[in-house]
Amino acid sequence: MDKVQDNRAWFLIIPVFLIVAFSAVVPLMTVVNYSVQEIFGPGQTFFVGTEWFEAVLKDDRLHDALVRQIIYSLAVLLIEIPLGILIALGMPGGRSAKTSLTLVLLALPLLIPFNVVGTIWQIFGRGDIGLLGATFRAIGIDYNYTNNSAHAWITVLVMDVWHWTSLVALLCYAGLQSIPPAFYQAAKIDGASKWAVFRYIQLPKMRGVLIIAVLLRFMDSFMIYTEPFVLTGGGPGNSTTFLSQYLTQMAVGQFDIGKAAAFSIVYFLIVLLFSFIFYTIITRTGEGEKK
Amino acid sequence: MSKAAVLAPGSLAAPANVRRSTARVSNRTIVLVCYIVFLMLPIYWMVNMSFKTNEEILSGLTLYPHNPTLRNYAVIFTDPSWYSGYINSIYYVTLNTVISLTVALPAAYAFSRYRFIGDKHVFFWLLTNKMAPPAVFLLPFFQLYQTVGLFDTHIAVALAHCLFNVPLAVWILEGFMSGVPREIDEMAYIDGYSFPRFFGTVFLPMIRAGVGVTAFFCFMFSWVELLLARTLTSVDAKPIAATMTRTVSASGMDWGLLAAAGVLTILPGALVIWFVRNYIAKGFALGRV
Chain A
276 MDKVQDNRAW FLIIPVFLIV AFSAVVPLMT VVNYSVQEIF GPGQTFFVGT EWFEAVLKDD
336 RLHDALVRQI IYSLAVLLIE IPLGILIALG MPGGRSAKTS LTLVLLALPL LIPFNVVGTI
396 WQIFGRGDIG LLGATFRAIG IDYNYTNNSA HAWITVLVMD VWHWTSLVAL LCYAGLQSIP
456 PAFYQAAKID GASKWAVFRY IQLPKMRGVL IIAVLLRFMD SFMIYTEPFV LTGGGPGNST
516 TFLSQYLTQM AVGQFDIGKA AAFSIVYFLI VLLFSFIFYT IITRTGEGEK K
Chain B
5 MSKAAVLAPG SLAAPANVRR STARVSNRTI VLVCYIVFLM LPIYWMVNMS FKTNEEILSG
65 LTLYPHNPTL RNYAVIFTDP SWYSGYINSI YYVTLNTVIS LTVALPAAYA FSRYRFIGDK
125 HVFFWLLTNK MAPPAVFLLP FFQLYQTVGL FDTHIAVALA HCLFNVPLAV WILEGFMSGV
185 PREIDEMAYI DGYSFPRFFG TVFLPMIRAG VGVTAFFCFM FSWVELLLAR TLTSVDAKPI
245 AATMTRTVSA SGMDWGLLAA AGVLTILPGA LVIWFVRNYI AKGFALGRV
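From first to last, the protein sequence lines are chains A and B.
Residue numbering for the first sequence follows this note's numbering, beginning at 276 and increasing consecutively.
Residue numbering for the second sequence follows this note's numbering, beginning at 5 and increasing consecutively.
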C-alpha cells in the first residue's frame, strides 16, 4: 500500500512515545548510570569507568549461564516448532463446536500466570503427591527434579513445551486457514502426495507466521525467569540458572548493583542484536509477499 | 476433501488416494488428541487436588477426590488477604488494557497510513521494548516508582506493563489497519468527516475484531506477568499470583489451598478465551495472514 508522506503523523505517535519513554528510557538510563559507578550507599558513589563491564565479560559463571541459555533456547525451538506444525496440521477446520473446543483447550496454557505454571508442574512432578513423579517411581525410575540436574533441566524444558507449543500451533493454524480450498483441489488433480502438499503449499503459506513464531519463542525463552524460579529456584547447583535468574541473583541476592547493571546492558545488547536480525528478516519477507 | 476426490479425474487412482489421506488424517488427529491429553493432565491434577483435604493429598495418590471438600475455596473467598489479590490483579490488568489501547490506536493508524521522519526507527525502538528482558528493568523500576510516589499502586503496575503491551498493541493493530483500504479514509474526508469523527464512527467499527484481539493480548500478557507486578507492589496492590507464596506455613505446605488458588487464576483466562474463540486463530497471527 502506498503511504502518504506527512510529518504531522508524529502527533499521533506522541502518546505512545511518552508512555514508553517513561517506562523504558528512564530506567535504561538508570542502568547505564549504575554500570559505570561503584555504589557504597546513598550519595556515596564513585565513577569506575568500564571496570564492571570487564568483570562481567570475564565472569565464568556468566559464560556458563549464557551457554546454558543458548542450548536451552535452541532446544525449545527444535522441539516446539515442528511439534506445533504437526499439531496445527491435525486440527479440525471450519466453524464447528469441535474446532472451538480444540482452540480453547490449546490456548488455555497461554493464559495461566507464569508462576502458576511452575506450581502446576511442581504439584504434578513431585514424587510423593504428583501423578507424574509417582508414575515414574512406580515404573522404577528414580525421578527427582529437585536434586538431579538432568531431571531438573528436562522438566523445565517439558514445562516450556507444555506452556508454549500451543502458541506455535495456533500461529500455524492461522496460516493454514488462509489457504484457499482450490489449492488443495489442484494438488489432488495433479496427484500430489501428502508430503508434496505440505512442502509446496502449506509450508510456504506458513512462512510468515512461522517467522513470528520463531521470533516470539526465541525471545521469550531467552528471557525465561519465573517458571524455573518457582519449580527449581535455578538449581540443583546451577543446572537451571539461565541469564535472567543469574541477573536477579546478582542484583537482588548479592546486591552487586554495578555489576548487575553492566550485565543488564550486555544482556540487552545481545537481545537487541537478535531482534535486529529477526526484524530485518520479517520486513524483507513482508515485502516479498507484496510483490 | 470428498468433493475434490469426486472432481479428480483418473478414477482408478482416486480411491487409493482417499483411503491413504483418511489414514493420514487420523494419524494427525491422534497426535492432536495425545497433545491435548498431555496439556490437560497437569491441569486436571491441580483441579483434582484443589478439592481434596491435605490429609488425603499427603496420605497417598488418589486419581479423584474421595472426600471432596470445598474448604480450600472457602478459605480463599472468606479471607480478605486472599480475595483482594484477585481484585488487585483484575484492576491493574483492566487499567493496563485501557491505557494500552488508548495510546496504541492513533499510533498504529499513523504507522499504517503515513510515512514520516524516523517512522521505521520508532517502530523498531518500540519492538525492542517488547524484547527487553524484564529482569533488566527490575531495579530501576523499583527506584523510579518509589521516587515518583507510585510504589504499591495499581497504576504503577499498569504503567510498567505498558512497556511490553503498548509495542505489542501497536504491532497487532497496525497489521489489522493495513488490511483496510486507504480509499475508505479518502472517501470519508471528501464527504467532510473530521479525523476524530471518521476514526470513531467509521474506522473503529471496521477493525473491531482487531481491537478485540488486541485487548485479549494485552489482558493475557498483563495477567500472566508476575516479576514486575511483584516487584512494584507490597500490600495494597499485591497480585493474586504473589499472594500464593503465602501457603507455606509453620505446619508445612498447604497444598490444597495452593491448588485452589491456582485453579482460580486460570478461570479468568479461560473465560476470556471462550469469548474470543472465533478470533483466536487470526489474532495469534497478529492480523498478518
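Since the hints were derived computationally from the structure, they do not count as laboratory data.
Certain hints may be false.
Unchecked claim - Quick look at which bits of chain A chain B covers, simulated, 3 or more residues with Cβ under 8 Å:
id	region
1	298-306
2	391-399
3	402-409
Where is the CB? At the ideal position from N, CA and C, for every residue including glycine.
Going down the list of hints, with the structure as the test:
1. 298-306: holds (count 7)
2. 391-399: Since three or more residues must qualify, the claim that chain B covers the region 391-399 of chain A holds, with 6 doing so at under 8 Å.
3. 402-409: Since three or more residues must qualify, the claim that chain B covers the region 402-409 of chain A holds, with 6 doing so at under 8 Å.
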